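**Student:** The primary structure of each chain is shown beneath.
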Amino acid sequence: MTIRRGEVFRHEVAGAGGWGDPLKRDPPMVLRDVRNELVSLASARADYGVVLAGEPLAIDEVATCALREALRRTRNWPRAPAISWEPPSMAMAAE
Amino acid sequence: MTRYRVGVDIGGTFTDIVFLSEHGARLTRKVSSTVDNYATAIVGGLAELIGEHNLGAPEIVELLHGTTVASNAILELKGARTGLITTKGFRDVLEIRTLRMPRLYDLSWTKPPPLVERHLRVEVDERINAKGEVERPLSEVDAARAIEKLVGQGVEAIAVCLIHSYLNPAHEQLVKEVAARTAPKLTLCISAEVLPEIKEYERTSTTVINAYVRPIVERYLSTLTAELTRIEVDAPLLLMQSNGGLTTAKAAAVTPMNIIESGPAAGVVGVQALIRQIGIAKAISFDMGGTTAKASLIENGELSRALEYSVGGGVMIGSRLLSGAGYTLKVPAIDLAEVGAGGGSVIWIDAGGALQIGPQSAGAAPGPVCYDLGGALPTLTDANVVLGYINPGHLVGGALKLNASKARSVIAEKVAAPLGMTAEEAAWGAHLIAGSNMIRAIKAVSSERGRDPRDYALVAFGGNGPLFAASMAAALMIRRVVIPPSAGVFSSYGLLYSEVAYHFTKTRKTLLAAIDPAEIGAVVGELEAEARARLAEDGFVEDRIAIERAAALHYQGQSFELEVPVPGGVIDRAVLTALDEAFGVEHEKTYGHRAGVEEPVELVTLKVVGRGFPDVPRAALAAKANLPASVIISQPLRQAYFGSVHGWRDTDVVNRADLDEPRRGPCIVEEYDATCVIPPGSAASLDHYGNIVIDVRVTAHL
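Those sequence lines, one after another, are chains R and Z. Residues in the first sequence are numbered consecutively from 122, following our numbering. Residues in the second sequence are numbered consecutively from -8, following our numbering.
Take the hints with a grain of salt, since some may be wrong.
Derived Cβ-Cβ restraints for the label pairs, each shown as a range [what the hints assert, rightly or not]:
#1 Z:79 <-> R:161: 17 to 27 Å
#2 R:177 <-> Z:400: 46 to 56 Å
#3 Z:558 <-> R:126: 39 to 49 Å
#4 R:162 <-> Z:130: 26 to 36 Å
#5 Z:216 <-> R:162: 41 to 51 Å
#6 Z:87 <-> R:126: 49 to 59 Å
#7 Z:533 <-> R:177: 48 to 58 Å
#8 Z:580 <-> R:126: 32 to 42 Å
Partial chain Z-side listing against chain R, Cβ under 8 Å, derived [unchecked claim]:
#9 97
#10 101
#11 109
It is worth saying that the hints were derived from the structure and are not from the lab. All figures in this text were calculated on a predicted structure; none of them were measured in a lab. Cβ coordinates follow ideal geometry from the N, Cα and C atoms, glycine included.
With the rest of the complex left out, here is chain R:
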């Protein structure tokens, strides 16, 4: 490939796979990623079930709990879809 003056070669790669169930990620860490523009507000909701609102952004605890419950019901997984190294009793506790 020849790149000429004024042209830009841009290659976007996917982020790495995550570790563990996103619905169990500590909400303050999700907030931090959103604040640092590494995760969008929409993704925080859809993927992590974390509801952020206000200025400055803050975690809506009640809404987050409810949304995470709803997501768990929707996806209808009795437990996280990955191998878990946690004792089963803990992984199941929320369900």
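With chain R held as given, fit chain Z onto it using these hints.
**Tutor:** Here is chain Z on its own, set in the frame of chain R:
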């Protein structure tokens, strides 16, 4: 009235104070560091010495200070909340760094968190190209928006680092002007003033560090100054910089990036002065305190220097500060290697059942178990008490009484029992392992750089240096060890031999062959004027100023530069030709080869160092007559353990002055601030200046 110059050096465990009179007499004091506010220990110690010796505060004419305040702020991530304004597209330079892994096969290495989090890094839409021309002008509105955004986030300091500002600072200056109007109380550092040099990451990182520690250093210095005023000490306060030169408190408060490695530098400068006096050309400086041990090399009377280094990222065994694991600072520093081994280093047994020392330290509080201040973990000092090296009744002239039976039982229980050894065997093991860890630091600055340690004398100091030096020298096959007077407070003493020094640099990336000598001469002239102006501001008159010039060069296409001196006088074509040759020679010396004449050499950065020599005379090092008062030896003979070969031996305990008559080991020299161990087989005597000189019996193993 006798005039005194005073050196104060803060360590992780002790704060050391030395008074040196114009006649060469000295008073010393070691006090526990007050970690929450270092000024407390300094002022307390000064007041004690002033009171005890009936001095008037005005007799102190100069106060020289080495401090770890700035490096601690970084190590503990306790700097100011800092924002960064950068060129659009360069927001993540600080986090991406140089893409280098400091330890190649260590998968568990975690990059230290950036000192400015991403949401506090704001871009402005501007661009200056590599020729210094404005491609996209910066609007005042955009600059104001960026500042306002960060101020809204509650930052206390802002670093500004725009691309190619080292060639054209106009945009950074615009940000500075806008900030001066809209947020006058904010600490603001622009890279064009802090480090006008090429290389985005290094410039950004250095500017950020400066902004990050500046409010902390400012507060510390103003507290210290106020406390000093309270005890009526109003002498000028000078601070040690990482490069081994002093700076005024006022300048240090503006560019604290220069005082990050302030603490370790002073001792090396002291060794430089010492070996000049006793006529040794090559020495290894070895400084071991309560928390860490540091080694550095002095050759032909010159300190070794690094052009950049990194701070933090954990103390790695035997690494030089260049590891790249911490936060990068492109600021000249004395090149030294550090290990986490000191008197307070904790002795522990790892998961594999092997004996380990440090880097965790018990510090000053709770300290080693034998201090009886609540410490529960066995430390090197406890091991040295068990071995009979340290007199339990005597540390810091008896001001600190040690509990020897507690030391023995903690070593027996936590170290000896799990290993199935006796307490003395376990303590001896700890002594050996600490020694071999520290030998790695010495090798890092000598054998790993092509220097044979056997050609050097080992100058050992710090509270614990003299205790370990002779046995380490034996293992390294170093034949001569020198222990200066007041070894335990020698770093403070080194402060008294330093001059004021300021470094100024500017990048002018041009092929040597294409350079207009007049243009380069003009840049050097500007830097010189800047250096003279700074020194004049500090009160130095023309005949007390010396200027040195240097250039950093590389072969076209290389990423790293080598520095060579630029002779004084007018810069003409002949000077440039000489630079080309000097670079080739330096390249050969450093890398073992040089390119042919057809390979073009490129000038990267010009540098000027301005030195100021204070009026107050730098008194000669102490003569024998001025040795500090001897301590009273309560017990002239005690049992000390020297490994399974020698076992427990009757060991003479003497004063430094007793070595006027040479002695053979085993022998222990007790002093107010340090204990020196002369192992069996080695011999010790006193030279004309009161230094203990140990003639080491070289053994194949430690």
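**Student:** Now, for every hint given, state plainly whether the structure supports it.
**Tutor:** These are the hints, each one checked on the structure:
Between residue 79 (chain Z) and residue 161 (chain R) the C-beta distance comes to about 20 Å, which sits within the given range of 17 to 27 Å. At roughly 55 Å, the beta carbons of residue 177 (chain R) and residue 400 (chain Z) sit within the given window of 46 to 56 Å. Here the CB-CB span from residue 558 (chain Z) to residue 126 (chain R) is close to 42 Å, well matched to the stated 39 to 49 Å. In this structure the supplied range 26 to 36 Å holds for residue 162 (chain R) paired with residue 130 (chain Z), their Cβ-Cβ distance being about 29 Å.
As the Cβ distance of residue 216 (chain Z) to residue 162 (chain R) is approximately 48 Å, the hint placing it in 41 to 51 Å holds. Taking 49 to 59 Å as the suggested C-beta distance range, the pair residue 87 (chain Z) and residue 126 (chain R) does not conform, at roughly 25 Å. The supplied range of 48 to 58 Å is met by residue 533 (chain Z) and residue 177 (chain R), whose beta-carbon atoms lie about 56 Å from each other. Hint check: residue 580 (chain Z) to residue 126 (chain R), Cβ distance near 41 Å, so the stated range 32 to 42 Å holds.
With its C-beta approaching chain R no nearer than about 19 Å, residue 97 (chain Z) sits outside the 8 Å limit, and its interface hint is violated. A distance limit of 8 Å between C-beta atoms decides the matter here; for residue 101 (chain Z) the minimum to chain R is near 14 Å, and the interface restraint is violated. Interface hint status for residue 109 (chain Z): upheld, as the beta-carbon distance to the closest one in chain R is roughly 4 Å, under 8 Å.
Checked against the numbered hints above, the structure breaks hints 6, 9, 10 and satisfies the rest.
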